[in-house]
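On the provided structure of chain A, position chain B as indicated by the hints.
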Amino acid sequence: MQLSFTNYRKTFGAVEVLKINNLYLDSSIYWVKGENGSGKSTLLKSIAGIINFEGEIKLNDFNSQRKTVEFRKLVNFAEAEPLFPEFLTGKDMVDLFAEAKNASSFQTEFYLNEMKMQTYINEPIGAYSSGMLKKLSLVLAFLGNPQLILLDEPLITLDTDSLQILYKWIEKKYTEEGVSFLISSHQALDLDETLARKTLLVENRTLNLLEC
Amino acid sequence: MALTKILYKIFVKGFYKVHAGQLLFLFGTILTYLFYIQVLSDDHITTQETIFYNLSFILTIISSPILGALMMFVFLIFSLKSFNYISAQIYQPTNFFLFYSANSLSKSQQLKNWFICQILISFPIIIYILFSIIVGLVYGFYLLPLLFLVFVIGINLLCAFVYTNLVNDPIKAYNSGILVKFTRKWKKNLVSIPLLHLFDKQLITLFITKFIAVGLPIGLIEILSDMNQVSLAAFIAVIMSVSNAVLIFEIYRFKRKYLSFALNFPAKISRTFLNWFLTIATLLLPEIFILKYIFHWEAFLYSMLILISLSLCLKSILLIVSENMRPFLYTIFIALFLSVIFIQFGVSQFLGFIYLLTSYIIFYRKYFRQA
Chain A
2 MQLSFTNYRK TFGAVEVLKI NNLYLDSSIY WVKGENGSGK STLLKSIAGI
52 INFEGEIKLN DFNSQRKTVE FRKLVNFAEA EPLFPEFLTG KDMVDLFAEA
102 KNASSFQTEF YLNEMKMQTY INEPIGAYSS GMLKKLSLVL AFLGNPQLIL
152 LDEPLITLDT DSLQILYKWI EKKYTEEGVS FLISSHQALD LDETLARKTL
202 LVENRTLNLL EC
Chain B
3 MALTKILYKI FVKGFYKVHA GQLLFLFGTI LTYLFYIQVL SDDHITTQET
53 IFYNLSFILT IISSPILGAL MMFVFLIFSL KSFNYISAQI YQPTNFFLFY
103 SANSLSKSQQ LKNWFICQIL ISFPIIIYIL FSIIVGLVYG FYLLPLLFLV
153 FVIGINLLCA FVYTNLVNDP IKAYNSGILV KFTRKWKKNL VSIPLLHLFD
203 KQLITLFITK FIAVGLPIGL IEILSDMNQV SLAAFIAVIM SVSNAVLIFE
253 IYRFKRKYLS FALNFPAKIS RTFLNWFLTI ATLLLPEIFI LKYIFHWEAF
303 LYSMLILISL SLCLKSILLI VSENMRPFLY TIFIALFLSV IFIQFGVSQF
353 LGFIYLLTSY IIFYRKYFRQ A
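Line by line, the protein sequences give chains A and B. Position one of the first sequence corresponds to residue 2 (the numbering used here), numbered consecutively onward. Position one of the second sequence corresponds to residue 3 (the numbering used here), numbered consecutively onward.
Hints should not be assumed to be uniformly reliable.
If you anchor each label on the Cβ, the simulated ranges turn out as follows [as the list claims (entries may be wrong)]: (1) B/I206 <-> A/E71: 42 to 50 Å; (2) B/R367 <-> A/E71: 17 to 25 Å; (3) B/I363 <-> A/E71: 30 to 38 Å.
Bear in mind the hints are in silico, worked out from the structure with no lab data behind them. Computed from a predicted structure; not experimentally measured. Backbone N, C-alpha and C define an ideal beta-carbon position, used for all residues, glycine too.
So that you can see chain A by itself, here it is in the shape it has in the complex (with noise of 0.2 Å):
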């Protein structure tokens, strides 16, 4: 994996929020640190081509916003505090995102099951609470063959069981088939120590590589 930002700039209406000239980051697990507001999940919105900016992001010489399929196939995203429509059911939106992402009905059930999710995935949303809600956008992040999966705050909301699942998906995921991650926390990832870990920080409205 090979994340490069060139003249990245991201502003709400008059206000700098993020700018970062020029970084590349290669395969790793990483820690985004920074405090509330300092735009970490501006920054990984960036990355998954939610919102705009001006520059470019690349993935493996994709551009994010020219070579949007492609650069979309390789690079999953969870959100902090994630918002779906109440009306559909934990399944419709497996299906919906195993569709989009070409996942196998293999791989939906591997991750529901290890969630512990079977039993309310055909409820309706509107009737979650936040920690069901969150299981369910980590397994939608997971669906599919990426090599970038964005966690924005995975941590929060989630029981002490699932945390757990969740490092050992992780790890699986990067030392059986190299996907890096961006995982933004405002608490040290509780992964296994031989793992390669980086740490990024979001500070004066930029992101510095810490050396470890």
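Coordinates of chain B only, in the frame set by chain A:
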């Protein structure tokens, strides 16, 4: 009074913000109609006669039981619409605080606050009724205007009573509409999800919009019967499309809020545009059937293309103006104005293609560059 202020800010302002498009369109249409009548009648009707006819119009409403009943039906629809809006907004997570703050007041105080809130929403109706009471008192027809007042106050009191009860009951689990329950087993996609949202959360808006979009043009056909078929069909299609602007805006708002994840889907831009096209075409099916019923094939095909492509164009414009209602309304009036000019110059056959092309160009340039 603190609660009244909060209810005013959340529900009254919110109601008028969300429905500004519909209200402006309605008043815009009425004003345009009045100006139009003025120009035609310049040489034929004196000022005194104009006042006389206007007074006759109001007197007919306040003296005829049938028209009076019709007015009360309009008041009822307006009240139902505001009820639908407020009862849905109460359950928005941002308003959950009402369930552990407002209900600490006594029931009578809560009822009073909700009643004031509902009356403020019904302000245009109240003004109309007060005006009709004055006219009624002068000319001796005060029974129906007073009945209007009692009717509206009664409905508003009933609404306030229901809101008070809602806030004092524990928050209920999500309960979907009948259509959504019926389609639970169906496979959903990005074409059908926005339409299901309209049925789930915007049912009254949907019905009122369809009523206007179908009813208004049918009325116009009588007035504009001397126009040629293709031009008339084109004009009707433009009116139908503009009437649907509020639903188009709601679909866009819903997609930005709940379906923004779709921007991360690896779908070709042409496929995504086709999805938009299918959503809009399905939304406009009642209007398409009406056009087919009224016009011959050639006029129908041109008008259908105008109907869909202008609606698509309005949806694409939202990619530029986002959720800002004001520039969107300006765009609607500009589109209406340009369409009328094209139709007047007899080139309505090209109108659909022009809007379709404009829509695709905006979509292609802006879809992956949304703010």
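The hints, checked one at a time:
no.	hint	verdict
1	B/I206 <-> A/E71: 42 to 50 Å	holds, 44 Å
2	B/R367 <-> A/E71: 17 to 25 Å	holds, 20 Å
3	B/I363 <-> A/E71: 30 to 38 Å	violated, 23 Å
Violation of the numbered hints given earlier is confined to hint 3; every other hint is satisfied by the structure.
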